[in-house]
Amino acid sequence: MPVAASAVYFLNLRGDVLINRLYRDDVGGNMVDAFRTHIMQTKELGTCPVRQIGGCSFFYMRVSNVYIVIVVSSNANVACAFKFVVEAVALFKSYFGGAFDEDAIRNNFVLIYELLDEIMDFGYPQNLSPEILKLYITQEGVRSPFSSKPIDKTVPNATLQVTGAVGWRREGLVYKKNEVFLDIVESVNLLMSSKGSVLRCDVTGKILMKCFLSGMPDLKLGLNDKIGLEKESQLKSRPTKRNSGMFEDKEMETIDIFEKVKFMASLWASTDKAVKDIPFRLIMLGKTIELDDVTFHQCVNLTRFNSEKTVSFVPPDGEFELMKYRITEGVNLPFRVLPTIKELGRTRMEVNVKVKSVFGAKMFALGVVIKIPVPKQTAKTSFQVSSGRAKYNAAIDCLVWKIRKFPGQTEPTMSAEVELISTIAEKKSWTRPPIQMEFQVPMFTASGLRVRFLKVWEKSGYNTVEWVRYITKAGSYEISGRLIDKGMSGKGGGRRWVLSCLTSEEIDVALNAPPVW
Numbered sequence: 001m002p003v004a005a006s007a008v009y010f011l012n013l014r015g016d017v018l019i020n021r022l023y024r025d026d027v028g029g030n031m032v033d034a035f036r037t038h039i040m041q042t043k044e045l046g047t048c049p050v051r052q053i054g055g056c057s058f059f060y061m062r063v064s065n066v067y068i069v070i071v072v073s074s075n076a077n078v079a080c081a082f083k084f085v086v087e088a089v090a091l092f093k094s095y096f097g098g099a100f101d102e103d104a105i106r107n108n109f110v111l112i113y114e115l116l117d118e119i120m121d122f123g124y125p126q127n128l129s130p131e132i133l134k135l136y137i138t139q140e141g142v143r144s145p146f147s148s149k150p151i152d153k154t155v156p157n158a159t160l161q162v163t164g165a166v167g168w169r170r171e172g173l174v175y176k177k178n179e180v181f182l183d184i185v186e187s188v189n190l191l192m193s194s195k196g197s198v199l200r201c202d203v204t205g206k207i208l209m210k211c212f213l214s215g216m217p218d219l220k221l222g223l224n225d226k227i228g229l230e231k232e233s234q235l236k237s238r239p240t241k242r243n244s245g246m247f248e249d250k251e252m253e254t255i256d257i258f259e260k261v262k263f264m265a266s267l268w269a270s271t272d273k274a275v276k277d278i279p280f281r282l283i284m285l286g287k288t289i290e291l292d293d294v295t296f297h298q299c300v301n302l303t304r305f306n307s308e309k310t311v312s313f314v315p316p317d318g319e320f321e322l323m324k325y326r327i328t329e330g331v332n333l334p335f336r337v338l339p340t341i342k343e344l345g346r347t348r349m350e351v352n353v354k355v356k357s358v359f360g361a362k363m364f365a366l367g368v369v370i371k372i373p374v375p376k377q378t379a380k381t382s383f384q385v386s387s388g389r390a391k392y393n394a395a396i397d398c399l400v401w402k403i404r405k406f407p408g409q410t411e412p413t414m415s416a417e418v419e420l421i422s423t424i425a426e427k428k429s430w431t432r433p434p435i436q437m438e439f440q441v442p443m444f445t446a447s448g449l450r451v452r453f454l455k456v457w458e459k460s461g462y463n464t465v466e467w468v469r470y471i472t473k474a475g476s477y478e479i480s481g482r483l484i485d486k487g488m489s490g491k492g493g494g495r496r497w498v499l500s501c502l503t504s505e506e507i508d509v510a511l512n513a514p515p516v517w
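Here our numbering is used: the sequence shown runs in plain steps of one and ends on residue 517.
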C-alpha cells in the first residue's frame with residue numbers, strides 16, 4: 001500500500017512552518033495547527049512518531065532542528081512514509097553540500113519546492129535518486145559554511161540516464177585516482193536472562209561503500225557466506241583457467257595466509273576421497289556463515305545473484321549502502337562479563353566486576369563503557385580499577401566504568417564499595433536492571449563475515465585501490481542479574497548476585513562457588 005500523502009510540512013523547533021506542500025485537497029489548512037496543539041504543546045514528540053488526529057494520520061520525524069511532518073487522510077503504509085522521509089533528506093543533503101537544517105531550508109526554499117514537485121506526484125513517491133534528479137534539476141543549492149562536501153556537477157544526456165537500465169550512475173565520470181572504500185559495520189545484540197540462558201543473541205550488519213571510479217565499472221564482491229560457497233561447490237566441475245601461481249585466481253590472494261596453510265595441511269593429511277574431490281578454492285576459504293534477512297541496494301544484479309549467488313553491481317558514485325543482513329547463529333561475543341554483587345550488612349554493598357575480551361591479542365576495543373545498576377539510596381562510593389576509570393552517576397543510578405582502549409585477551413577488574421542512605425528492607429526486593437555495555441571493536445566481526453575478494457572491471461582497464469574495514473559495536477548488550485540466597489552468614493548476613501555473560505560451564509562454576517563473605 002503506497003503513502004498517498006495529502007501534505008508535507010517542514011517545521012522548526014518552535015512549530016513555525018518553513019515550507020509546506022499540499023498534494024491533495026482532502027485536508028484543510030489547519031493541519032499544522034492541530035500538530036502543534038495536540039503533539040508539540042503536549043510534549044509528545046519523544047513518543048510514538050505516528051498520531052491520528054481528527055481522522056488524519058500524522059507521520060513526523062526530527063532531523064537536526066527541523067520536523068518533517070507527513071499528513072495522510074486515508075490508510076497508508078507507515079514504513080513507506082518514513083522511508084520516503086529518509087531518502088528525501090539524503091536527497092536534500094546531496095544538493096546542499098551535506099547539511100540539512102533550518103538555515104539550509106531558508107537558503108534553498110526555491111530548490112526545495114522544485115524537488116518536492118519532482119519526488120512526489122499527487123501524494124505518491126516517485127524518483128528520489130540524486131544521480132537522476134541532478135541531471136535535469138541543475139540548480140545548485142546554497143552550501144553551508146560548515147560543509148566541505150563538494151556539490152556534484154551534472155552531465156548531459158539526462159533522458160538517456162533517466163530511462164536507462166543504470167539510472168543510479170551517470171556516464172562521463174573521471175577520477176585521477178580510482179578508489180573503493182568498503183566498511184562492514186556490525187551491531188551485536190545480547191539479552192541474557194537471570195538464569196544465565198541467552199534469550200536473544202544476534203548480529204545486524206550492513207556493508208557501506210564509497211566509490212570513486214571512472215567510467216561505468218562492474219564490481220563483483222565475494223563473501224564467506226554459506227550460500228555463495230554452496231553455489232561454488234555446484235560449479236566445481238566447470239573447467240577453470242589456471243595461472244602460473246599456486247592459486248586458481250587472484251581472489252585467493254586476499255585470504256589470510258594462516259588460513260591457507262591450515263587448510264592445505266588438512267587437505268594433504270586427508271585420505272577421504274570426497275574431501276580430495278572438493279575444489280582447492282573451497283577448502284581454502286575457512287569459516288562460512290549463514291546470512292539471514294539480506295536486503296540489497298537497487299544497483300545489485302538480483303538475477304545474477306539468484307543464479308550464481310554472487311554480488312555483482314554497477315555502483316553509484318560516492319557513498320551508498322550496498323546491503324543489510326542479520327545473523328542469528330554462530331555469533332562470537334567480543335566480551336565476557338562476571339560481576340559479583342554482595343551486601344555487607346544493611347547499608348553497604350560490594351561490587352566486583354571482571355570483563356574478559358575474547359578477540360585477538362593484537363586487536364583492541366575503543367570506548368568501552370560498563371554500566372552496573374545500584375539502588376537509588378546510594379550515598380557514597382569508592383573504586384579500585386585495574387584499567388580505565390570508574391565513577392557513580394546519580395542521574396542513571398549506575399556505576400559507570402569506562403576504558404578508553406581495551407586490548408584483546410585481557411581481564412581488567414573493577415571493585416567498588418557502595419554505601420546506602422537507608423536500610424534495604426528484607427521483604428522488599430530491589431528490581432535489578434540489567435548490566436549494559438557499550439563498545440566498538442575495529443577489524444573484528446562478531447558474525448565472522450569476511451571479504452574474500454573485490455574485483456573491478458572497466459573497459460579502459462585502469463588499476464584500482466581497494467580498502468576494507470571491519471567495525472563491531474554494541475547494539476543492545478544487556479545481562480540480567482541472578483539472585484542467590486545463601487542465608488545468614490556472620491554478623492551482618494549477606495546475599496550475592498552473580499551476573500554473567502559466560503558459557504554454561506562457567507556459569508555452573510560461578511553458581512556453585514563457596515560464599516565470599
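No lab work stands behind these hints: they were computed from the structure. Some hints here could point you the wrong way.
To be verified - Mimicking DSSO-like on lysine-lysine, the simulated pairs with C-alpha atoms at most 30 angstroms apart in a straight line are: (1) K354 <-> K309; (2) K455 <-> K362; (3) K391 <-> K473; (4) K405 <-> K371; (5) K405 <-> K473; (6) K210 <-> K177; (7) K405 <-> K210.
Hints, verified against the model:
Between K354 and K309 the CA atoms are separated by roughly 43 angstroms; this puts the pair beyond 30 angstroms, and the hint is violated. Between K455 and K362, the direct Cα distance comes to roughly 29 angstroms. Compliance with the 30 angstroms bound is thereby established for this hinted pair. Distance check on the hinted pair: K391 and K473 sit about 23 angstroms apart at the alpha-carbon level, within 30 angstroms; holds. Between K405 and K371, the direct Cα distance comes to roughly 17 angstroms. Compliance with the 30 angstroms bound is thereby established for this hinted pair.
The suggested pairing of K405 with K473 holds, with an alpha-carbon distance near 14 angstroms, which does not exceed 30 angstroms. The straight-line distance between the Cα atoms of K210 and K177 is roughly 13 angstroms, inside the 30 angstroms bound, and the hint therefore holds. With a CA separation close to 28 angstroms, the supplied pair K405 and K210 stays within the 30 angstroms bound.
Comparing the model with each earlier hint shows a violation of hint 1 alone; every other hint is respected.
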